[in-house]
Every structure is written in structure tokens, then in C-alpha cells.
Amino acid sequence: MIHRDSILLLIGLLSMRPSAAEPLNLTEAAAGVFVHQGVHELPDSKNHGEIANIGFIVGERCVAVIDSGGSPAQGRALRSAITAKTPIPVCYVINTHVHPDHIYGNKAFKAAGIAFIGHWKLAQAMASRAPYYMEKASRDLENGLQREDFIPPDLPVETTRELDLGGRKLTLTAHGPAHTDSDLSVYDDKTQTLWLADLLFMDHIPVIDGSLNGWLKELRSLTKIKANRAIPGHGPMTGEWPKAAEAEIHYLEMLRNDIRAYLKQGKTMEQAMAELGQPARAQWRLFDEFHKRNISTAFAELEWED
Amino acid sequence: MKIIIDTKILGLLIGGLLCSALAMAAGEDETAWSQVLKPKYFGNRPIEENTNLIELTAPYRAEDPALVPVSITAKIPQTAEKYIKTITLIIDNNPTPFAAAFHFTPDSGKADLALRLRFNTYTPIRAIAETNDGKLSMTKVDVKASGGCSAPIGADLDAAMARLGKMKFKLENDKISPHQPNLAQLLVSHPNITGMQMDQISRMIKPAHFVDSVKISFNGKPIMSAQTDIAVSADPNFRFYFVPDKAGELKAEIKDNLGKEFSYVQTVTP
Numbered sequence: 001m002i003h004r005d006s007i008l009l010l011i012g013l014l015s016m017r018p019s020a021a022e023p024l025n026l027t028e029a030a031a032g033v034f035v036h037q038g039v040h041e042l043p044d045s046k047n048h049g050e051i052a053n054i055g056f057i058v059g060e061r062c063v064a065v066i067d068s069g070g071s072p073a074q075g076r077a078l079r080s081a082i083t084a085k086t087p088i089p090v091c092y093v094i095n096t097h098v099h100p101d102h103i104y105g106n107k108a109f110k111a112a113g114i115a116f117i118g119h120w121k122l123a124q125a126m127a128s129r130a131p132y133y134m135e136k137a138s139r140d141l142e143n144g145l146q147r148e149d150f151i152p153p154d155l156p157v158e159t160t161r162e163l164d165l166g167g168r169k170l171t172l173t174a175h176g177p178a179h180t181d182s183d184l185s186v187y188d189d190k191t192q193t194l195w196l197a198d199l200l201f202m203d204h205i206p207v208i209d210g211s212l213n214g215w216l217k218e219l220r221s222l223t224k225i226k227a228n229r230a231i232p233g234h235g236p237m238t239g240e241w242p243k244a245a246e247a248e249i250h251y252l253e254m255l256r257n258d259i260r261a262y263l264k265q266g267k268t269m270e271q272a273m274a275e276l277g278q279p280a281r282a283q284w285r286l287f288d289e290f291h292k293r294n295i296s297t298a299f300a301e302l303e304w305e306d
Numbered sequence: 001m002k003i004i005i006d007t008k009i010l011g012l013l014i015g016g017l018l019c020s021a022l023a024m025a026a027g028e029d030e031t032a033w034s035q036v037l038k039p040k041y042f043g044n045r046p047i048e049e050n051t052n053l054i055e056l057t058a059p060y061r062a063e064d065p066a067l068v069p070v071s072i073t074a075k076i077p078q079t080a081e082k083y084i085k086t087i088t089l090i091i092d093n094n095p096t097p098f099a100a101a102f103h104f105t106p107d108s109g110k111a112d113l114a115l116r117l118r119f120n121t122y123t124p125i126r127a128i129a130e131t132n133d134g135k136l137s138m139t140k141v142d143v144k145a146s147g148g149c150s151a152p153i154g155a156d157l158d159a160a161m162a163r164l165g166k167m168k169f170k171l172e173n174d175k176i177s178p179h180q181p182n183l184a185q186l187l188v189s190h191p192n193i194t195g196m197q198m199d200q201i202s203r204m205i206k207p208a209h210f211v212d213s214v215k216i217s218f219n220g221k222p223i224m225s226a227q228t229d230i231a232v233s234a235d236p237n238f239r240f241y242f243v244p245d246k247a248g249e250l251k252a253e254i255k256d257n258l259g260k261e262f263s264y265v266q267t268v269t270p
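As given, the protein sequences belong to chains C and E, one line each in that order. The first sequence maps to residues 1 to 306 in this note's numbering. The second sequence maps to residues 1 to 270 in this note's numbering.
It is worth saying that the hints were derived from the structure and are not from the lab. Computed from a prediction, not measured in an experiment: that's the story for all the values here. C-beta: ideal position from N, C-alpha, C; glycine also. Any given hint might turn out to be false.
[As the list claims (entries may be wrong)] Not close to chain C: a few residues of chain E, all C-beta gaps over 10 Å, as computed:
1) G43
2) E172
3) H209
[Unchecked claim] The following label-pair restraints were derived from C-beta to C-beta distances:
4) A159(E) with K243(C): 53 to 63 Å
5) P77(E) with G176(C): 45 to 55 Å
6) H179(E) with Q278(C): 35 to 45 Å
7) V39(C) with G43(E): 47 to 57 Å
8) G165(E) with K224(C): 50 to 60 Å
9) G165(E) with R281(C): 37 to 47 Å
10) M134(C) with H179(E): 18 to 28 Å
11) T27(C) with T51(E): 51 to 61 Å
12) V141(E) with Q271(C): 11 to 21 Å
13) W120(C) with N173(E): 39 to 49 Å
14) Q278(C) with S213(E): 37 to 47 Å
[To be verified] Here are the computed lysine-lysine pairs in the BS3-like style, where the Cα-Cα straight-line distance is at most 30 Å:
15) K107(C) with K169(C)
16) K206(E) with K136(C)
17) K215(E) with K166(E)
18) K217(C) with K170(E)
19) K267(C) with K206(E)
20) K267(C) with K175(E)
21) K264(C) with K40(E)
22) K75(E) with K40(E)
23) K221(E) with K246(E)
24) K85(E) with K170(E)
25) K110(C) with K175(E)
26) K267(C) with K40(E)
27) K140(E) with K267(C)
28) K264(C) with K217(C)
29) K255(E) with K170(E)
30) K170(E) with K264(C)
31) K255(E) with K267(C)
32) K215(E) with K260(E)
33) K175(E) with K264(C)
34) K246(E) with K169(C)
35) K260(E) with K75(E)
36) K75(E) with K267(C)
37) K75(E) with K264(C)
All chains, please: the whole structure from these sequences, using the hints.
Shown next as C-alpha cells:
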């Protein structure tokens with residue numbers, strides 16, 4: 001029998017192996033807007049949680065990072081990729097929400113002159129979830145996540161905030177509870193790019209960790225914004241706006257209508273989870289991993305409606 | 001390159017070994033139950049393991065470990081001669097294994113029950129029923145989950161606290177059918193904080209704050225009462241039966257561990 005301590009030691013050694021040694025693959029979605037497209041997988045010990053779309057926008061004077069990655073190593077890889085692409089310094093690291101696949105790379109950017117920016121509720125959400133995410137990371141992700149990787153925003157956004165990168169202006173908007181309760185979107189005026197992060201899922205099934213009603217409400221106002229393209233938190237860079245949101249809105253509205261009907265008929269959460277929404281299965285990646293959970297979350301929200 | 005592949009395979013192998021070892025330990029190990037939990041809650045009373053009296057339904061894999069629907073179906077009607085007096089729910093490997101105990105009366109009609117629970121790890125959940133003759137019988141199922149008790153407090157704690165203590169009853173078709181068991185549901189708004197979630201800015205553990213007592217009556221007659229603990233999900237939700245003889249008042253009285261009390265009355269008619 002292998003001794004338990006040696007197993008733990010081995011796991012420790014394995015988890016120290018740099019996980020994102022290869023340079024990040026980047027797409028220039030619009031002039032100066034660089035995106036690394038994630039993979040549609042659950043966070044695990046092979047991808048180390050590096051699954052989300054992350055990237056940066058380059059101005060004449062400053063670079064703004066939008067989400068720093070799913071692991072400390074991916075944060076470092078993103079930093080190298082920026083250095084390889086441009087001599088212009090990073091001034092801002094924007095964290096779009098609390099989920100670990102987006103903000104575990106923060107520490108790579110911690111330096112004088114770099115401001116971290118997030119929703120006003122992000123610091124609170126980060127602190128309250130840190131122990132849970134760290135436990136999960138050490139159990140499932142083997143990405144060496146530490147307490148110091150959780151870096152709360154220096155500049156909280158309450159409603160909106162503008163960032164001047166030199167020759168291009170970013171408008172950050174703090175949203176009400178939607179995908180999470182700390183969602184922030186970024187609009188680049190130069191290319192009319194709407195970086196929605198996880199407010200927009202494409203191909204990857206939308207995941208509700210905030211409020212179903214709130215998310216649909218935010219999407220109603222977001223779809224009125226004139227933009228050339230949207231960048232999803234998960235999915236391809238083909239986001240023609242507002243067309244890119246159609247599938248997500250359709251899915252969320254279907255959930256809401258079906259669950260409301262079930263509630264009206266006095267049916268249970270178990271019945272809803274077993275029976276609702278299965279025809280949507282073919283349209284979404286990771287459907288089996290998240291759909292039933294979405295129903296339970298939405299059911300618990302909607303049963304308080306009337 | 002070869003080295004990287006080898007370590008990956010090794011990692012998978014070790015991961016696999018560990019997981020299966022833990023899985024076996026969690027799923028099949030009766031030690032916690034027989035050595036600690038059973039003596040603590042039932043002393044040396046005999047408990048028969050069967051599904052003749054009640055059936056327990058829980059998902060094998062929890063979709064959301066902090067919100068796992070669990071239900072119990074009674075196989076005998078509640079009569080004055082023979083009825084299920086108490087159903088106790090124990091989740092072996094939770095930090096607080098005692099989840100809840102529900103007390104029924106002949107007026108309950110049926111000792112069916114449904115609620116939502118938190119599961120912190122791969123664990124058996126067991127339901128132990130006591131009939132009015134004092135006999136105990138148990139049924140159990142395994143649930144695969146992780147982190148339900150330390151899972152972050154719901155997205156909007158401020159909103160949850162604002163409606164703290166709000167309650168409502170739901171009935172099938174919004175009316176009662178007299179002289180037969182009627183299914184009803186009680187919804188309670190309460191964050192049911194486990195005491196295992198870290199607070200916000202202060203980085204302190206948020207103190208436990210949960211509903212610990214539930215009493216439901218109809219026209220003054222007790223229908224169901226419960227002692228509940230942190231395994232009950234936020235916004236506790238109970239489905240139960242009662243037998244109304246005529247129109248009347250369904251009443252819920254709730255108390256939490258900080259001594260806050262809430263009550264709610266809803267008039268129900270045929």
C-alpha cells in the first residue's frame with residue numbers, strides 16, 4: 001500500500017508543475033482587442049480551471065486586462081502574451097465577476113501602477129467564496145491556488161466607470177444580480193465591442209449563479225446597446241450583437257416559463273429537474289453538467305414570485 | 001515530453017486510487033453510524049433496516065450540494081391506532097450529521113415529507129421512522145456531493161435578510177379537500193447560515209443563523225413539528241400532508257437559533 005504522505009507529496013509535486021507553459025493562443029477580435037478563447041470543459045485537474053475567455057484591450061497609453069485567467073499559471077501566461085504583443089504597459093486589470101475560471105490569474109499582474117477593477121460587490125463575493133474556491137482548487141484543479149491569488153478591486157464600480165486607455169475609452173457597467181451578483185461588462189468605444197464575459201454564454205450552456213429574473217432584465221437593456229460584436233465569457237468570437245444573445249435569452253425564458261407553469265400546477269423541484277427543458281439539450285455544450293442545477297436555482301428563486 | 005506524459009498518467013492513477021478509496025470509505029463505511037451516531041441518537045434501541053414503512057428518495061448525484069431535494073414517502077396511512085410518530089434524518093458525513101427530526105400526528109393523514117438539504121461530501125443519508133408503538137425502522141441512500149455546507153451564501157444575502165421570516169403555504173389548486181390527506185407546502189424565507197461560510201470583508205466565519213424549530217397546526221391542532229439544523233437549505237421548504245375537516249387556519253410557528261420567532265397564518269377553504 002502506498003503511504004498516504006507520499007501520495008500527498010506526489011500530488012503536491014504534480015500540482016506545482018506549471019500548467020500553462022505554452023504561450024496563450026490569442027485572437028484579435030477587433031483592432032487592439034485580444035481574446036484567448038477557452039474550452040468547453042468543466043474545471044478539472046487537466047485544464048486546471050483554465051476554461052474561460054480572457055484577454056486584453058490595447059490603447060495608446062495603457063493596456064486593460066479583462067479577466068486574468070483560471071489559474072495563477074494562466075495569469076502569468078497572459079502577462080507574457082501581452083508583453084510579446086505590445087510594449088504598452090498594463091494599467092488596469094478588470095475582473096468581470098467572482099467566478100474562479102476568470103480571476104485566479106490576478107496575482108501575475110499585482111504591481112505598482114496597476115489598478116484592479118471590479119463590481120462594488122466583488123470584494124465581498126471574493127472574500128466570502130475564497131475558502132470554498134481554494135478547497136475546490138486543491139481538491140479538483142491542482143493549480144496551486146493560494147489566498148494571495150484573491151486580489152479584490154482597488155477601484156469598485158457602483159454604476160459605471162470610464163477608463164481612458166489613450167485613444168480609446170472603455171465604459172464599465174456594474175450590473176444587478178444576473179449570472180452572479182458581481183457582473184461587470186466592458187464597452188470599447190473605438191471598435192464598438194461589448195465585452196460581456198459570463199453575461200453572455202455561447203455554445204456553453206448558461207449557468208445561473210445569481211438571478212434568472214435579474215439576468216433576463218439585464219439582457220433586455222444590454223441588447224439595446226449598439227455594438228459591432230459581443231465577446232462572451234464562454235464561446236466563439238463571432239458574437240454579432242444583439243443576435244449573439246438570442247440563444248441564451250431563449251434558454252433562460254424557456255426555463256422561466258416552464259418553471260412558472262410547474263409552480264402554478266403545484267409541481268415540485270424534483271419534477272422540474274427531471275422533466276423540463278430537455279429538448280434544449282442538443283443546442284448546448286455541458287448541458288448535462290449544468291441544466292438541472294440551473295432548474296433548481298431558478299425554481300428556488302421563482303417560487304417566491306407571487 | 002515523455003516525463004510530462006508520465007507524470008500526467010501517474011497523477012490520474014493516484015487520483016483514481018484516492019477517489020475510489022474515499023468513495024468506498026464514504027459509501028460503505030458504517031462506522032460513523034454504528035459507533036457514534038446510532039448510540040448518540042437512539043442508544044441501544046433495535047433498529048430494523050427495511051423499506052416497509054417509509055421510502056427515502058434522494059438523487060445519487062447532487063446537482064447543487066446546497067440545495068438537494070430529498071423526500072420521504074410513508075407506506076402506511078396515519079390512523080389513531082397506528083401512525084408514524086417521528087422521522088429523523090441523519091447525514092453521516094456532514095459536519096453536523098443531525099439534519100432534522102419531524103413529528104407527526106394521526107391528523108397528519110400521511111407522514112410524507114419533502115425538503116431540501118445540504119450535503120458536504122459523499123455520504124449516506126438515513127431516515128429513521130418511529131411508529132407510535134415505539135418501533136424503529138430505517139432506510140438509507142447514498143448521495144454524491146461536495147461542499148454543500150461551506151457553499152457560498154446565496155447571491156443576495158441583503159435581499160434574503162430583508163425578507164427574513166416571511167412565509168407562505170401552498171396548496172394543490174389553492175384549496176382544500178375535506179376529510180382526506182391534503183398535500184401542502186410551507187415556504188420559509190431564512191438564509192439558514194451554516195456557520196461554515198466565511199464572511200465578506202471581515203474575513204470572519206459568518207456565525208450560524210438557522211431555523212431550529214418549526215410547528216405547523218390546523219385550527220389549533222398540531223399537524224407536524226420539526227427540529228431542524230444547518231443541513232436544511234436556505235429558505236427552508238417543507239411539503240407535508242394534513243387532513244382538514246372544514247375550512248380553517250393553517251398556522252406556522254418558526255424559531256431560529258438566535259431566538260427570533262416568526263409566525264404566519266393562512267386561511268384555507270374547500
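Cross-check of the supplied hints:
1. G43: Correct as stated: the minimum Cβ-Cβ distance to chain C is 34 Å, above 10 Å.
2. E172: violated (5 Å)
3. H209: Correct as stated: the minimum Cβ-Cβ distance to chain C is 15 Å, above 10 Å.
4. A159(E) with K243(C): 53 to 63 Å: Violated: the Cβ-Cβ distance is about 33 Å, outside 53 to 63 Å.
5. P77(E) with G176(C): 45 to 55 Å: Holds, at about 48 Å.
6. H179(E) with Q278(C): 35 to 45 Å: holds (39 Å)
7. V39(C) with G43(E): 47 to 57 Å: With Cβ atoms ~54 Å apart, the hint holds.
8. G165(E) with K224(C): 50 to 60 Å: violated (38 Å)
9. G165(E) with R281(C): 37 to 47 Å: The hint (37 to 47 Å, Cβ to Cβ) holds, given that G165(E) and R281(C) are roughly 40 Å apart.
10. M134(C) with H179(E): 18 to 28 Å: Since M134(C) and H179(E) have Cβ atoms about 56 Å apart, the given range 18 to 28 Å is violated.
11. T27(C) with T51(E): 51 to 61 Å: holds (57 Å)
12. V141(E) with Q271(C): 11 to 21 Å: holds (19 Å)
13. W120(C) with N173(E): 39 to 49 Å: Given a distance of about 44 Å, which is inside 39 to 49 Å, the answer is holds.
14. Q278(C) with S213(E): 37 to 47 Å: holds (40 Å)
15. K107(C) with K169(C): Measuring from Cα to Cα gives roughly 25 Å; hence the hint holds.
16. K206(E) with K136(C): This hinted pair holds, its Cα atoms lying about 20 Å apart.
17. K215(E) with K166(E): holds (15 Å)
18. K217(C) with K170(E): holds (27 Å)
19. K267(C) with K206(E): Answer violated: K267(C) to K206(E) is near 34 Å, above 30 Å.
20. K267(C) with K175(E): holds (15 Å)
21. K264(C) with K40(E): Given that 30 Å is the threshold and the Cα spacing comes to 42 Å, the pair is violated.
22. K75(E) with K40(E): holds (27 Å)
23. K221(E) with K246(E): It holds: about 13 Å lies between the C-alpha atoms, which stays within 30 Å.
24. K85(E) with K170(E): It holds: about 24 Å lies between the C-alpha atoms, which stays within 30 Å.
25. K110(C) with K175(E): Since the Cα atoms of K110(C) and K175(E) sit roughly 61 Å apart, the hinted pair is violated (cutoff 30 Å).
26. K267(C) with K40(E): Cα-Cα ~37 Å, so violated.
27. K140(E) with K267(C): Judged against 30 Å, a Cα distance of about 25 Å means the pair holds.
28. K264(C) with K217(C): OK: K264(C) and K217(C) at ~22 Å, within 30 Å.
29. K255(E) with K170(E): holds (20 Å)
30. K170(E) with K264(C): Answer holds: K170(E) to K264(C) is near 10 Å, not above 30 Å.
31. K255(E) with K267(C): holds (28 Å)
32. K215(E) with K260(E): Measuring from Cα to Cα gives roughly 14 Å; hence the hint holds.
33. K175(E) with K264(C): Distance of about 13 Å is within 30 Å: holds.
34. K246(E) with K169(C): violated (68 Å)
35. K260(E) with K75(E): violated (36 Å)
36. K75(E) with K267(C): holds (21 Å)
37. K75(E) with K264(C): holds (28 Å)
Against the hints set out earlier in the document, violations occur for numbers 2, 4, 8, 10, 19, 21, 25, 26, 34 and 35.
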